[in-house]
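Visitor: Order-wise, the sequence lines are chains A, B, C and D.
Per the numbering used here, the very first residue in the first sequence carries number 10; after that it's consecutive.
Per the numbering used here, the very first residue in the second sequence carries number 10; after that it's consecutive.
Per the numbering used here, the very first residue in the third sequence carries number 10; after that it's consecutive.
Per the numbering used here, the very first residue in the fourth sequence carries number 10; after that it's consecutive.
Since the hints were made in silico from the structure, they are not lab data.
Possibly wrong hints are sitting among the right ones.
Each pair may be met inside one copy or between any two copies, as identical chains are not told apart.
In silico BS3-like pairs for lysine-lysine, Cα to Cα no more than 25 Å straight-line [unchecked claim]:
hint, residue 1, residue 2
1, K116, K149
2, K30, K149
3, K30, K116
4, K61, K149
5, K61, K116
Protein chains: 4
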Amino acid sequence: MNAPLDPDFARRCRESFGRQKAMALIGARLTSVEPGRAEIALAYRDDLTQQKGFVHGGILGMIADTACGYAAFSLMPAGCSLVTVEYKMNILAPGRGALVARGEVVKPGRTLTVARAEVYADDGTHVATMQQTLMMLAGKTDHPE
Amino acid sequence: MNAPLDPDFARRCRESFGRQKAMALIGARLTSVEPGRAEIALAYRDDLTQQKGFVHGGILGMIADTACGYAAFSLMPAGCSLVTVEYKMNILAPGRGALVARGEVVKPGRTLTVARAEVYADDGTHVATMQQTLMMLAGKTDHPE
Amino acid sequence: MNAPLDPDFARRCRESFGRQKAMALIGARLTSVEPGRAEIALAYRDDLTQQKGFVHGGILGMIADTACGYAAFSLMPAGCSLVTVEYKMNILAPGRGALVARGEVVKPGRTLTVARAEVYADDGTHVATMQQTLMMLAGKTDHPE
Amino acid sequence: MNAPLDPDFARRCRESFGRQKAMALIGARLTSVEPGRAEIALAYRDDLTQQKGFVHGGILGMIADTACGYAAFSLMPAGCSLVTVEYKMNILAPGRGALVARGEVVKPGRTLTVARAEVYADDGTHVATMQQTLMMLAGKTDHPE
Numbered sequence: 010m011n012a013p014l015d016p017d018f019a020r021r022c023r024e025s026f027g028r029q030k031a032m033a034l035i036g037a038r039l040t041s042v043e044p045g046r047a048e049i050a051l052a053y054r055d056d057l058t059q060q061k062g063f064v065h066g067g068i069l070g071m072i073a074d075t076a077c078g079y080a081a082f083s084l085m086p087a088g089c090s091l092v093t094v095e096y097k098m099n100i101l102a103p104g105r106g107a108l109v110a111r112g113e114v115v116k117p118g119r120t121l122t123v124a125r126a127e128v129y130a131d132d133g134t135h136v137a138t139m140q141q142t143l144m145m146l147a148g149k150t151d152h153p154e
Numbered sequence: 010m011n012a013p014l015d016p017d018f019a020r021r022c023r024e025s026f027g028r029q030k031a032m033a034l035i036g037a038r039l040t041s042v043e044p045g046r047a048e049i050a051l052a053y054r055d056d057l058t059q060q061k062g063f064v065h066g067g068i069l070g071m072i073a074d075t076a077c078g079y080a081a082f083s084l085m086p087a088g089c090s091l092v093t094v095e096y097k098m099n100i101l102a103p104g105r106g107a108l109v110a111r112g113e114v115v116k117p118g119r120t121l122t123v124a125r126a127e128v129y130a131d132d133g134t135h136v137a138t139m140q141q142t143l144m145m146l147a148g149k150t151d152h153p154e
Numbered sequence: 010m011n012a013p014l015d016p017d018f019a020r021r022c023r024e025s026f027g028r029q030k031a032m033a034l035i036g037a038r039l040t041s042v043e044p045g046r047a048e049i050a051l052a053y054r055d056d057l058t059q060q061k062g063f064v065h066g067g068i069l070g071m072i073a074d075t076a077c078g079y080a081a082f083s084l085m086p087a088g089c090s091l092v093t094v095e096y097k098m099n100i101l102a103p104g105r106g107a108l109v110a111r112g113e114v115v116k117p118g119r120t121l122t123v124a125r126a127e128v129y130a131d132d133g134t135h136v137a138t139m140q141q142t143l144m145m146l147a148g149k150t151d152h153p154e
Numbered sequence: 010m011n012a013p014l015d016p017d018f019a020r021r022c023r024e025s026f027g028r029q030k031a032m033a034l035i036g037a038r039l040t041s042v043e044p045g046r047a048e049i050a051l052a053y054r055d056d057l058t059q060q061k062g063f064v065h066g067g068i069l070g071m072i073a074d075t076a077c078g079y080a081a082f083s084l085m086p087a088g089c090s091l092v093t094v095e096y097k098m099n100i101l102a103p104g105r106g107a108l109v110a111r112g113e114v115v116k117p118g119r120t121l122t123v124a125r126a127e128v129y130a131d132d133g134t135h136v137a138t139m140q141q142t143l144m145m146l147a148g149k150t151d152h153p154e
């Protein structure tokens, strides 16, 4: 449905993800990126939990945010940067075990893109759902300035 | 404005925060808790950043989420648990330097509480704003089950 | 997927919708209700528009809100009431022509239900997308008190 | 705090509001507009209600959306147009009696502006709170095209 403007989108997304030190901190991996879609996997770790022993809601937000971001970034031209404008997430169930966040573009746009992510646990539980708005910054680098 | 139901709310919030291993992972500290308000401070660290060297949007979400949570938890009776139903956050500026998230209860309720958090950088930049819904689970422990 | 608790759910939803005078004001119709799904149709009218002649974003919100609401209400037991806790909507394109809002339950729950609605124009344009949280009030009437 | 770019902002906002036929339909009035702030008043009417006799949640959204919109539009230059990107609203209490929505700009921007609105009933009840993102379209008319 969504044709990538940059044939080299997958490498560009993987390199960008590789520069996200916060993703390394929590052990998240970009396991798949296709035009308009991206998947982030997160192994369960004790140091990612909140006071009740579930994965912290903010960590759920981190992987859902990032899955939306690379779903959108996959459709962008080379030589641009993408920023998160806002996101809204519902937590549907406590986060237990390994998680995966699947991001998908709902509406690509020249300036703004709307994306969505679903977070699932490895037992199939639907853990969270996010709706997000992103803005492309044309001619801005995706590297530290 | 908001009288706490539990006179020992501050100790209860600090102990709960102390069990949040994800907060220790990112180095966040609960620097203040009053009835209906809580403040989380986060020092800048290179390993909290995204691909452009700013603090990851999901990390902004983690501290804002937690600031809302303890603002709400401060007004709850002893012997209950609180879960995040959903949140929505706008990122207003890139997160640079040390950050503080200030959470405040907008509308306390028996079942649902609505809270808000503002994230500021130490140079005064307004970095993010969050609106959140929380649900009290009466008679549920705030510890791992 | 979702079995209704009340076999008479369709009649209950239609009667409740019939009491929504605001829906009559804008000419909205409940065109379909199934377990976990509802559809609201809205004919284009000049008096529903904003300053540029498109259907007002708040009117898009009205039909999306109501489509989520009856999607959720269809799964509720008889003799309860349902309130909207919050919703978030992205407007994806200007609202032109006749519109339909399709609501769907994402996660049914005893207390809280999460639903989503998509608004489409009759030319197939995806106009808006909403994510919503609803709360069931057991033993409360769905009529004026 | 916010200096208007257009000294004639108030007239421009009032004329734009006057073209919103949906506001006339529900009887909403723009009662105040200052740089970065706008206020919409809504008298109670039976035909604005939902199934329980309260003002419809979507109507609350309409006035909050519009209050945010003119708060933002007051800071824009002449000769531009403004579109709602997205909004998120929590309903805090049933809408009874006359209502007022007070919109305020949280973060003005060249492209995107973030605003907030609070809806109050005339008995002082805090009825709803909205967080919204708007986008300026430079060189686009605010009239029907």
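Visitor: Each of the hints needs a verdict: does it hold here or not?
Guide: So, going through the hints one by one against the coordinates:
1. K116 to K149: Both ways: K116 and K149 sit 22 Å apart in one copy and 22 Å across, limit 25 Å.
2. K30 to K149: within (20 Å within a copy, 36 Å between copies)
3. K30 to K116: Neither, since 28 Å and 28 Å both go past 25 Å.
4. K61 to K149: Answer is between: at 11 Å across copies they meet the 25 Å cutoff, but 42 Å inside does not.
5. K61 to K116: Classified as between; 22 Å across copies, 37 Å inside a copy.
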